[in-house]
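Visitor: Each chain, letter by letter, is given below.
There are 2 protein chains.
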Amino acid sequence: MAPSNDAFLAACRGRSPSRRPIWIMRQAGRYLPEYRAVRAKTSFETLCRTPALAAEVTVQPIERFDLDAAILFSDILSIADAFGIEVRFDPGPKIERPLRTAADVAILPPADVAACAYVFEAVRACVERIGGRVPLIGFAGAPWTVASYLVEGAGTRTFRHAKVLLWSEPDAFDHLLHVLAEATAAYLEAQVRAGADAVQVFESWGGALRPDLYRARAWPHLRRVLVRALATGVPVIAFVRGGEAVLRAIADDLPEGDLVVGIDHDVAMSAAVSIVGRDRVVQGNLDPMALFAPRAVLEAEAQAVLDGACGARGHIFNLGHGISKDTDPEQVAALVDFVHRA
Amino acid sequence: MAPSNDAFLAACRGRSPSRRPIWIMRQAGRYLPEYRAVRAKTSFETLCRTPALAAEVTVQPIERFDLDAAILFSDILSIADAFGIEVRFDPGPKIERPLRTAADVAILPPADVAACAYVFEAVRACVERIGGRVPLIGFAGAPWTVASYLVEGAGTRTFRHAKVLLWSEPDAFDHLLHVLAEATAAYLEAQVRAGADAVQVFESWGGALRPDLYRARAWPHLRRVLVRALATGVPVIAFVRGGEAVLRAIADDLPEGDLVVGIDHDVAMSAAVSIVGRDRVVQGNLDPMALFAPRAVLEAEAQAVLDGACGARGHIFNLGHGISKDTDPEQVAALVDFVHRA
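If you read the sequences in order, they're chains F and G. By the working numbering, the letter at position 115 of the first sequence is numbered 115, and the numbering carries on one by one without gaps. By the working numbering, the letter at position 158 of the second sequence is numbered 1158, and the numbering carries on one by one without gaps.
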């Protein structure tokens, strides 16, 4: 059943929306007191693994703000369950036995996305709690981004082990991204079957590889995921961080169909539209730090994003990266209102 | 007096060097046991502020490896002394009263680089200890990079306060970068008078601003520093991190003269040469993580840098960023040898 607020899906499909749609990356998160209240009683893992709780925090931002979409509360490493890989949060992700060598990669079991059933249950619970008000966006991490965690065993700023595997064991590296891509496609298909109205794939670490290396070694795997997700018939958002350089590297190879290109705040929106082409729908890209500026500055920065996107086929307003936990929710309310009035 | 090893200065000036010169960013640092031995007895501050000790660690890498240049051991925030701003290291830099507002910026005293006399003394001590073996590179941080520390009061991943100042108080932001540029030029001139054979300016946070914003708001201040440093007659290296996008943003505005363009590892060297032009001398840009790969992989990655730079007017081999503290010094020795044999 189509949600009563159709602005987001219309924009995704290149049709004229009733208003400029806006949602916010990490909109269900620590900047919201009601989220912190849930987390005070529940660990992050439990929240992710308990469909009713995941649905509760998923709807929090759409109850507080006039947002045009909800996004499933989950973690990009939930898919590790499909391989029987245990991830702890401490508070960042930690993996006991990271995949450092070709031998580690070779013994990966076949993916079983049924082990992620709690995620698909959470999608169903979200759909029920949203009650047709707004569309629900499902999501997954892109193969390179997920692989970097599985290889490093934790968050990283250097990507040392992932790069050494890429350089030293190219076949094992490619195999790892290949099996992750297959599992991720199945994972997104299951989210769509459970009721997700669109999906976003997060390539959070697109900028960690040189653009030519990203294009050659990581992008083909993400592209396969996008093509399979598009085949489900829902709009698909590809959010590949890495600014102008990575955008240039992939721009001529973006799949056709209802693909929305997520733009990070490391590139001016007008430049991004030139790079991906005016026949594309774009999403983004206000700097999350603009929410810390005085109201007039916040609005001027938001207007610059709107102006920059005016040449695109369509535009979904968003930040260029996840919202900061220190953000004042009043600033978010002001932003949503400004974008809708624009 | 010209150093007996002239390869680095010849390459900087676009002449044919006797061999491919190599030095390594942060070559005097924690990956060296002899450096850790000094630091076990001395704080980082004391090391920076004691010319004899700074000179001792400056020469450590040139005594261990067959490097073609030494670089002064110092900190990019030493220039804060010129404004009477105290920086503690804990272990990252901490500033008690960061410059958050226009009023904070307005009450900055006039710069007095004589307060940095210990740095110029360290240059003289380095020249003496090097004894004419290799040239000495002096250095400074670029205005935006130094300003970001002075505004944030510490290292940052978000650049929240610096960006809010840039957006909200453009005149104060520009004034801050202007006075930093003037002080930095005087600071580099004094290093050259004290005996530095070349200078490098580090724009470590060039990638923290969108390329169009970097070009408009930060680059003009760095450019003034480079022009004044070039007027001293020594070669000047501009190391602006931010990959391909920032390089494209500044490529048509690089000053003429003996300016070497430092290339980070977020761009393929061949792409960097196309962007800055084949009439430029470039420096860089091996990924520091390549030093963790097996020897054959390290050499293949180094060869790719050499191949990528072959169209440039000249090339100084270096990493694309500072060496990691966990690096095996034997790998550095192997790299230096490989580059000289290439």
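By construction, these hints were calculated from the structure, which means they are not laboratory data. Some clues are possibly wrong.
[Claimed, not checked] If you only want the chain G side, here are some residues facing chain F, beta carbon under 8 Å, derived:
#1 Ile1085
#2 Glu1086
#3 Phe1089
#4 Gly1092
#5 Trp1167
#6 Glu1244
Fair warning: this is a prediction, and the values are worked out from it, not measured in the lab. Quick reminder that beta carbons are idealized off the backbone N, C-alpha and C, glycines included.
Visitor: Hint by hint, work out which the structure violates, then give me just those numbers in ascending order.
Guide: 1, 2, 3 and 4
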